[in-house]
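Just so you know, the protein sequences line up as chains A and B, in that order.
FYI, my numbering numbers position 148 of the first sequence as 148, with every residue one higher than the one before it.
FYI, my numbering numbers position 7 of the second sequence as 7, with every residue one higher than the one before it.
Check each hint, because a few of them may be wrong.
To give a feel for the contact side, a few chain A residues facing chain B, derived at Cβ under 7 Å [stated by the list, open to error]: (1) Val241; (2) Glu345; (3) Val388; (4) Leu412; (5) Pro415; (6) Met416; (7) Ile418.
Read the hints as simulated data drawn from the structure, not as lab findings.
Bear in mind the structure is a predicted one, so any value in this text is a computation, not a measurement.
For every residue, glycine included, the Cβ atom is placed at its ideal position computed from N, Cα and C.
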Amino acid sequence: MIFNKKFETMPEKELKALQLERLKWTVHHAYDNCSYYREKYDKAGFHPDQLKTLDDMRRVPFQTKQEMRDNYPFGLFAVPLKDVVRVHSSSGTTGNATVVGYTRNDLSIFSELVARSLAAAGADENDIVQVAFGYGLFTGGLGLHYGAERLGAMTVPISAGNTDRQVMLIKDYGTTLLVCTPSFALNIADFIEKKMPDFDIKQTSLRIGVFGAEPWSESMRDEIEARLGIKAYDIYGLSEVMGPGVSSECSEKTGLHVNEDHFYVEVIDPETGEVLPEGEMGEIVYTSLTKEAFPNIRYRSRDITRLFHDSCKCGRTFVKMEKVTGRSDDMLIIRGVNVFPSQIEDVLISVEGTDPHYQIIVDRKKALDDIEVVVEVNEKLFSDEVKVMDAIKRDISDRFKKSLGISAKITLVEPMTIARSEGKAVRVIDKRNI
Amino acid sequence: MNVTQLSVFLENRPGHLQNILRILSENDINITALTISETAEYGVVRMIVNDAERAGIILKKNNITSRTTEVIAIEIDDRPGSLYGVMDAFSRRDMNIEYMYAFPGKNDEKSIMIFRFDDIDAAKEALLAEYYHILEMTDIIGEH
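One chain only, chain B, in its complex shape (with noise of 0.2 Å):
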């Protein structure tokens, strides 16, 4: 199983971010993690929350638009070097990644990393070949 990410298109002007944690809230939508990708006039919101598809088909009805994609989630010591680690791992197999960002797990000694690849089942793959621990939705949101 792979973790499904929320992705929200948005205009870079005040207000608009807040409109959609105020849509989601409304309804329920916990967010575990959430950064954004930003240009001059617009920006793409990349979130993991509780319940994707719900927070899609919710969204949509306020005319904002989003799309969910599935990315990997893996676990990592909270310590110097463990990200180079795992970097190490795609370069050998000259994977590009698509774009990336971290959280804290719910252990102090762990942190949490979302990779984003255009190919993610060889990705993967690598990552399984060297031994990570690729993490479920449930392992990041908990049971719901």
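Isolated chain A, as found in the complex (with noise of 0.2 Å):
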């Protein structure tokens, strides 16, 4: 089903002249509305009148995600406070946390877009959607809601965790459509198979799943599909941008259709920034044509994909983008958090005695993301006093928890133990199938 035809099935024509018209309003909306938008483009001799075709785009300056930071909390916002009406924070850290306000409009198209993700995924307003993202600060519990409720869907907000009451709500509600992580999905299936023999999952009505803010391989959605007895669909969105739905997977599961009547999309090359041509790989940049709150421009998202047009046999016309594997910088997304190994460093840093030399790996044990931090041992760390290591570790991961935000196991090893290439430690294995 398409949620809203006239948009998602506009010819190719029409669609860049509402793009262009959308894109010059963003602009000139940023410039005109928030000081740190029109000092930039001072600076950077670009002037929004400039903006005559698609193509001039590639002069304006791009936005990074070190912008946000600086310009916390609300720094970057076009609306005065009165007009925001939410709030989300990127996930991550605290320190690092990036917010981003929504209006009332704003949120509506949020909640279009969801609802257009779950149409396109197959549901409709006779569907019970169970929403087993988390609800916070993190826009994928909320967004989803407010987008299954648009739909018209029966909405069970029972947010992440909780795998028992999960497999008993589908199981009690005859919830058709469930929404989470990929790796919470297999831990529902894993939790089936080892605790409730008895139970069939393929019994019950459940049939869709929408699964997101964590990369996914084919493989772990044939996994998903097989042992769920379901058909699995990737939303796709970040919550610098909006949150879920800025593009999501149709029925044919070949790429995700981009909601082009609300974000402009280019892919450029990371280490140069020019653009490049269509169905090549490269870091997917967004502009968002309609927010009023936080308009994105030329947001460098990290993101690797290609955009292409394949004349999709759902009808929608707009472009596809390729699930996101890869990243452009060496950010790890671990449970849905982001977490850079500068952040790692950071905390490692902290505890007196440790060795710039560690290793992160990352692994998916039992469908859930395992970190451990490898630890060399040196001269400080080391006490004779098995106590005092233990407390050492406690203490390393104590600090994880507090600061990003995720359980690490943390091995203490011998010194030369970490490979090292070029004399420069390797830091990040990440052994994750995805």
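Dock chain to chain to rebuild the complex, using the hints, since each chain is given by itself in its own frame.
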């Protein structure tokens, strides 16, 4: 089902004209109402009036996550705070949080785009949607919640975690559509197979899964579909841009349609910043077309993908992006939390005696991401008392929990254990098959 | 004078202890006593050796982390109840032992006890007050 036929199937020429008109509005809006943009563009010698064609977008300076952090919390808002009705904050640490604001109109569009995504996965008002994304500052829970309501589905706001209760509601309520991270979907499958051997999930009404907030592969999709007896679809978004619903898969599962009436996308060479021709792999860059509170103008997502048109059988004319599985920086997404190796380094440095020699091993065991931090024990860290060593491990682990919000297993190893390439320790090993 | 113990960090994996022993043997370091406190993933090897300072330097050159720690060594009679008596001296003073180990002394009638305290001076005072003989490094390893 196509939720908004007028826009989702709009002919290319008409769509381009709409995009240009909305781009001009966005750039003017940011320039006129947010001093940060005005100063930035004046300094770069750019004025919104120079934007005459879509190609002129190449002249507009990029926006980075660092700018968002520098303007924490509300410095990039382009409307007075009285017009902001909600904020969300990116996952990751409190220290590096980015805050995104929404006007009533922004939220209405957010809800519609999520409703479009659910419809693209085959849902309608007859569905019972169990939202097992976390509710809170994270865009996933509330984003899917209001999108499911907009679709007219019966919405079950169970939030994340609590696996046995998730299964109970699937059974008792007759949930037809489950929304969560792909790793949590596998966690549910594990739980049923281990703890409820007499229960057959395939006998329930559950038929669709809409999964996002972390990268996942085709093989993971196959596994989820086989074990839960459902069809699994990818929903994509970035909290810095809006949240889930920026793009999503349709029945064809051959890429995610970008909601191009609300976002203008480019793929660039992450090294040079040059715009690449359609079809080439690079970093995807987002410009919002209708956002009032928090406009994005050429936001560098760091997500690596490619864009392509393939006259999709579903009827949508929107460009498709490939499933994102890589990044142009070294950011890790662990259980939906964004983690940069530099943040791990900061935690370790805060512990007296720890060396910069550490390694991060990310693995997906029993469907959930595990993070192991391997630390080389030097003279400063070492004690002849085991209780002191264990206290150090606990201290490091507590600091991870506190500043990154993730539980990490700390492993102490002998010096020079961590492989060094050209003298520098190899920092991150990602063993996940994604 | 206290007794200097050499403590070495090692991973709980095959071959790792042997590697340390090879390095020490190649450098003429003699081990008089050795004990290991182990966890699932790592262990701490505690040794009384003939030259702890030099052993530490050699191990560091081989990328092995170690440190020297001051411990107390006393000689006790090799008979029932003698360790109990020492414990009594500590517990009456509410003193906590971090760890301890024993090995036979050069004299057949005696055993040597090693104690690790956070406050080594207070522990020595307690032992002296109860007339225990506190050993020096040379009492254990001989002159070298």
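Structure-based check of each hint:
no.	hint	in the structure
1	Val241	42 Å, violated
2	Glu345	21 Å, violated
3	Val388	9 Å, violated
4	Leu412	5 Å, holds
5	Pro415	5 Å, holds
6	Met416	4 Å, holds
7	Ile418	11 Å, violated
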